[in-house]
Amino acid sequence: MAASIAPECNDIKEKYDTCFLKWYSEKYLRGNTSSNDCEALFKNYKGCLNKVLKERGIDAMVDDARKSGSSETDAEFLKKS
Amino acid sequence: MKFFENNFTYDYSFPAVSLAYFLRYPNPYSRHVLTTDVIDRYVDPKTQRLHTIRLHLKKSKIPSGILKLLPKGMGGSDSSGQSYILEKTIVDAKEGWMETESRNMEWTGILSVVEKQCYKRLPSEEDRLTLDGLAVDKSSEQTSVKTTVTFRSRLGQGKLLGKKKHDTGDHEDEEPRKGFFSSLSTAGIQRTIELIGVSRTKEAVLKSKEGMNIVLERLRSGGVVGVLEGMRQDREAAFGPDGTWKRVWLQGKDRSIENDKS
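Quick note, the sequences are listed as chains P and S, same order.
Under full-length UniProt numbering, residues 1 to 81 are what the first sequence spells out, in order.
Under full-length UniProt numbering, residues 1 to 262 are what the second sequence spells out, in order.
These are calculated hints, taken from the structure and not from any lab test.
All values derive from a computational prediction rather than experimental measurement.
Just so you know, even glycine gets a beta-carbon here, dropped at the ideal spot from N, CA and C.
Simulated coverage check for chain S against chain P, where a stretch passes if three residues somewhere in it have a Cβ under 8 Å from a Cβ of chain P:
# : region
1 : 16–23
2 : 26–34
3 : 47–56
4 : 93–106
5 : 224–238
Next up, chain P with everything else stripped away, as it sits in the complex (with noise of 0.2 Å):
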């Protein structure tokens, strides 16, 4: 499994990666959308990730990306070009 950006973080993002690939190939993708058998997992994974991309001042710049939609960046290509 891909490493995490905080080793501290490793283990509990390995069993949460692990959940998820179960769920996703044998129940997402099966139709089984609505069961969520890894939030528990996945809430002790960001809360471990959360707290170091704080600490590196990464979670602001992680914050601006999400908010730069495509939609908007669409619209502002083509007003430019």
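Following the hints, put chain S in place on chain P, whose structure we already have.
Below, chain S without anything else, positioned relative to chain P:
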């Protein structure tokens, strides 16, 4: 602004391709990808579509051709040789499509690269009758992917540093180094930077396809377990048993200090 477009067809079912997309790092063609994290993931209760936001940390350097065009001092501080990529994915398993969008998060004023991919299940008789989960053994099933990459430089337009927050563009950034390429207008410099981006991307798109094919082949022969075993070997071959984590941690610390200064 420049565009790059590519169309390709995988000889694998849509469920397999979408799973491989989430599982694609590490693979032998992704040694430049240091880490991958899931920032957010949820199923939209209305559409049943799966939304995923991931953060990748990749080894990369601003090409020397671009560095030459930047104002003095710019780019020089980016000695970490790493860049953050934000990837958004939406999967609709019922309709058999997946859309992805990846963008660089830093230096977006110098060059913003946005890669969009649209994966679609190619209709076949079997597909119409049933969605058979991970039907990787059905060689008849295919998935098409259209890749579009947009390159845009805004150098000299008051938006030099994408990572500067709330940059309203009121103040003009330093002009590009016209002295060096005195014949180039700002538009010419932007175009040059965009073209360097295009040429680098052609190779990257090809490599990422090779990587996906390896992951898909591992899925076909060994299922998810086969992919995970392959990954473990790739990681050890590339970084040693735990080398990557230590190194990223050290470099990550450097980076946070750098951010404090700016």
